[in-house]
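Enquirer: Here is how the chains run, residue by residue.
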Amino acid sequence: MTIAVPAILIFLLMLATMLVGMPIAVSMAAVGIIGGIAAFGGPFIDSIAPVVWGTLNENLLTCVPLFVLLGELLLRSGIADRMYTALSAWLGGLPGGLLHTNIGACALFAATSGSSVATAATIGTVALPPLYARGYSMRASLGTLAAGGTLGILIPPSINMIVYGSLTNNSIGKLFIAGIVPGILLTLSFMVYIYASSVISGTGKREAKLPLVDRLRTLTFLVPPLVVFGIVMGSLYLGIATATESAALGVVVALFFVWRAGRLNREVLETCFLQTARISGMIMLIIVAAFILNLTIGLTGIADAITKWVTSYGLSATAMLLALTLFYLILGMFMDVLSMQVATIPITYPIVTALGVDPIWFGIYIVLMCELGMITPPVGMNLFVVHGIRPDKGGIQDAIWGALPYAAIMILFTLLLMALPGLATWLPSKM
Amino acid sequence: MNRVQRVLAWAFGAIFVALSIVVSIETLARKLLNYSIQGADELGGYALAAGSVIAFSLALIGRNHIRVDVFHERFPKRLQAWLNVLSYVLLAAFAVLLAFVAFKVVADTLAYRSTAPTPWQTPLIWPQGVWYAGLVVFALLAVGYASRAVWLLIRGDIDTIDRDFQPKSAKEEVREELEDFAHRGGTQVAMPPSAEFTAGTREAA
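Chains C and B supply the protein sequences, listed in that same order.
Residue numbers for the first sequence follow numbering that gives the first Met the number 0, beginning at 0 and rising by one.
Residue numbers for the second sequence follow numbering that gives the first Met the number 0, beginning at 0 and rising by one.
Hints are computed from structural coordinates only; laboratory data are not their basis.
DEER-style ranges, computed between Cβ atoms:
{"hint": "1", "chain 1": "C", "residue 1": "Leu11", "chain 2": "B", "residue 2": "Asp161", "range": "28 to 36 Å"}
{"hint": "2", "chain 1": "B", "residue 1": "Ala13", "chain 2": "C", "residue 2": "Leu11", "range": "37 to 45 Å"}
{"hint": "3", "chain 1": "B", "residue 1": "Asp156", "chain 2": "C", "residue 2": "Arg259", "range": "48 to 56 Å"}
{"hint": "4", "chain 1": "C", "residue 1": "Thr317", "chain 2": "B", "residue 2": "Arg73", "range": "35 to 43 Å"}
{"hint": "5", "chain 1": "C", "residue 1": "Asp391", "chain 2": "B", "residue 2": "Gly38", "range": "55 to 63 Å"}
{"hint": "6", "chain 1": "C", "residue 1": "Asp45", "chain 2": "B", "residue 2": "Trp150", "range": "28 to 36 Å"}
{"hint": "7", "chain 1": "C", "residue 1": "Ile410", "chain 2": "B", "residue 2": "Arg73", "range": "22 to 30 Å"}
{"hint": "8", "chain 1": "B", "residue 1": "Thr114", "chain 2": "C", "residue 2": "Arg259", "range": "38 to 46 Å"}
{"hint": "9", "chain 1": "B", "residue 1": "Thr114", "chain 2": "C", "residue 2": "Arg216", "range": "52 to 60 Å"}
{"hint": "10", "chain 1": "C", "residue 1": "Ala353", "chain 2": "B", "residue 2": "Gly38", "range": "36 to 44 Å"}
{"hint": "11", "chain 1": "B", "residue 1": "Ala13", "chain 2": "C", "residue 2": "Leu218", "range": "28 to 36 Å"}
{"hint": "12", "chain 1": "B", "residue 1": "Ala17", "chain 2": "C", "residue 2": "Asp45", "range": "30 to 38 Å"}
Partner residues aside, some chain B positions facing chain C, computed with beta carbon under 7 Å:
{"hint": "13", "residue": "Ala8"}
{"hint": "14", "residue": "Thr26"}
{"hint": "15", "residue": "Lys30"}
{"hint": "16", "residue": "Leu47"}
{"hint": "17", "residue": "Phe55"}
{"hint": "18", "residue": "Val67"}
{"hint": "19", "residue": "Asp68"}
{"hint": "20", "residue": "Phe70"}
{"hint": "21", "residue": "Val100"}
{"hint": "22", "residue": "Val104"}
Pairs of lysine-lysine, DSSO-like flavour, derived with a Cα cap of 30 Å:
{"hint": "23", "chain 1": "C", "residue 1": "Lys392", "chain 2": "B", "residue 2": "Lys76"}
{"hint": "24", "chain 1": "B", "residue 1": "Lys76", "chain 2": "B", "residue 2": "Lys170"}
{"hint": "25", "chain 1": "C", "residue 1": "Lys392", "chain 2": "B", "residue 2": "Lys170"}
{"hint": "26", "chain 1": "B", "residue 1": "Lys30", "chain 2": "C", "residue 2": "Lys429"}
{"hint": "27", "chain 1": "B", "residue 1": "Lys76", "chain 2": "B", "residue 2": "Lys167"}
{"hint": "28", "chain 1": "C", "residue 1": "Lys204", "chain 2": "C", "residue 2": "Lys392"}
{"hint": "29", "chain 1": "C", "residue 1": "Lys392", "chain 2": "B", "residue 2": "Lys167"}
Note that beta-carbon positions come from the ideal geometry of N, C-alpha and C, so glycine has one too.
Model the full structure from these sequences, guided by the hints.
Expert: In structure tokens, the structure reads:
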């Protein structure tokens with residue numbers, strides 16, 4: 000109790016420095032270092048050294064740059080762009096037409112990429128001009144793209160899951176496998192909503208069906224992403240490879256497809272390498288800072304103190320999770336989601352696991368909260384992204400309103416996951 | 000700066016492509032031939048150590064070290080400038096601290112002639128030397144950026160600070176993605192096969 004209250008105040012102060020625009024990594028490291036020195040004096044600096052080397056020499060985390068590289072290769076070589084073509088041929092005939100294609104393409108793209116901004120931007124650029132030209136409602140179009148883009152972090156491979164796994168010492172492979180069923184169900188929920196709202200409103204569009212031969216021909220466009228996904232997840236699920244090994248296999252196979260597509264040239268590679276380095280550098284610096292903060296939290300016993308303090312109120316796990324959902328919903332409105340996740344896990348993880356919540360389940364829950372944060376205003380990264388690429392002129396409110404039903408679906412889905420935790424925990428338990 | 004970025008990007012890419020190939024061969028050999036070339040794990044750790052420090056610098060140059068701009072962009076210009084400069088100064092301080100603790104790691108390794116606790120018994124000074132050098136470069140770069148920001152603030156050149164030290168906005172990220180997209184000729188590739196659809200796309204364009 001004594002240490003818990005000031006610790007929570009310091010934690011809120013850290014969030015405040017992040018919100019006024021200080022670099023996320025620096026805010027976390029500063030709190031960790033200042034807190035550590037306050038508690039243990041100068042020698043604390045010595046104990047940081049092995050943490051920094053240990054984090055950056057951790058083979059498990061090597062999968063971060065590898066998965067980013069994998070996604071970049073498929074994206075920059077144009078392989079991902081073609082998926083939209085194939086899916087529009089197959090899904091366009093449903094009531095709601097190309098809106099289904101948006102969700103389906105995002106889900107499939109998510110299966111190979113860890114970045115949701117890239118997902119929304121790529122699919123959006125391909126999809127929006129034809130959607131506009133064919134008179135689809137701009138709101139619905141922007142909403143499906145923004146919401147579909149969030150699937151990128153739920154459907155594995157997911158950078159957010161890797162970060163969660165490394166910070167909480169949980170198996171990244173299990174987290175990936177745990178994301179599959181919720182990822183598919185959430186995708187289907189989005190499509191059911193599109194179907195139902197198109198049928199009910201009576202204004203829904205659908206596309207003319209292409210001849211089967213043409214449709215079958217488009218399937219070749221789906222081969223590269225499906226093969227890459229199959230190899231990465233298959234090797235993980237069968238226990239053949241660790242997360243890092245499966246990422247390495249994925250990169251090699253992706254390089255093969257880039258070569259087959261005739262895009263294995265200097266320019267494409269250079270763009271991929273530079274982008275991968277920038278994204279990985281940003282993520283790894285945050286991870287290093289998070290481990291420094293974790294060290295302070297661990298050494299001072301703050302996490303224990305806060306956990307004891309919170310659990311002394313006798314909250315049930317469900318009540319705690321409902322409170323956290325509200326907390327993450329609000330925080331996600333203002334913060335970048337990866338930063339939100341990294342900054343809060345050291346406090347929330349010990350509390351919920353002390354209440355008996357399954358650690359793998361909580362990882363999926365956190366990712367869902369991050370997804371929600373991407374489409375809730377005022378700071379919903381995906382809202383900005385799809386708004387930035389719309390072909391007509393219009394306000395950001397179209398994207399916000401368009402995405403709102405999907406935010407509601409996500410919240411309902413989170414409640415469903417609380418009621419049926421097996422949706423996330425069943426598949427990894429079979430590994 | 001572009002040239003430096005290119006060289007660093009290729010170094011980074013080479014590390015991870017080479018690692019992917021080695022690890023893939025190791026994984027396949029282990030499963031299919033039941034034969035293990037030891038040490039792919041160890042190599043992965045060193046690759047991350049060397050790759051990350053290169054990536055820190057590239058993310059600094061590309062302004063990718065993430066900052067939240069929702070409130071920041073609503074502040075008065077002068078306050079924004081002060082916060083921009085402060086964030087670069089703090090980032091530089093963090094980078095210098097990392098280089099400093101890395102120095103301690105390297106000094107210990109040299110003093111005890113440490114080797115990795117693995118079959119290879121790699122002398123740790125090799126990977127750690129590269130790692131340390133990378134962190135020093137990152138620290139120097141960060142101090143350079145911070146000094147420029149402070150200098151601009153002293154001169155009162157708020158506009159330049161505004162241009163060069165602002166958090167990267169979603170708009171900028173989208174623009175970069177779109178440029179790359181146009182560059183790789185995405186629209187043609189992506190056009191669906193139906194004639195009707197193609198016509199629609201042309202209208203929009």
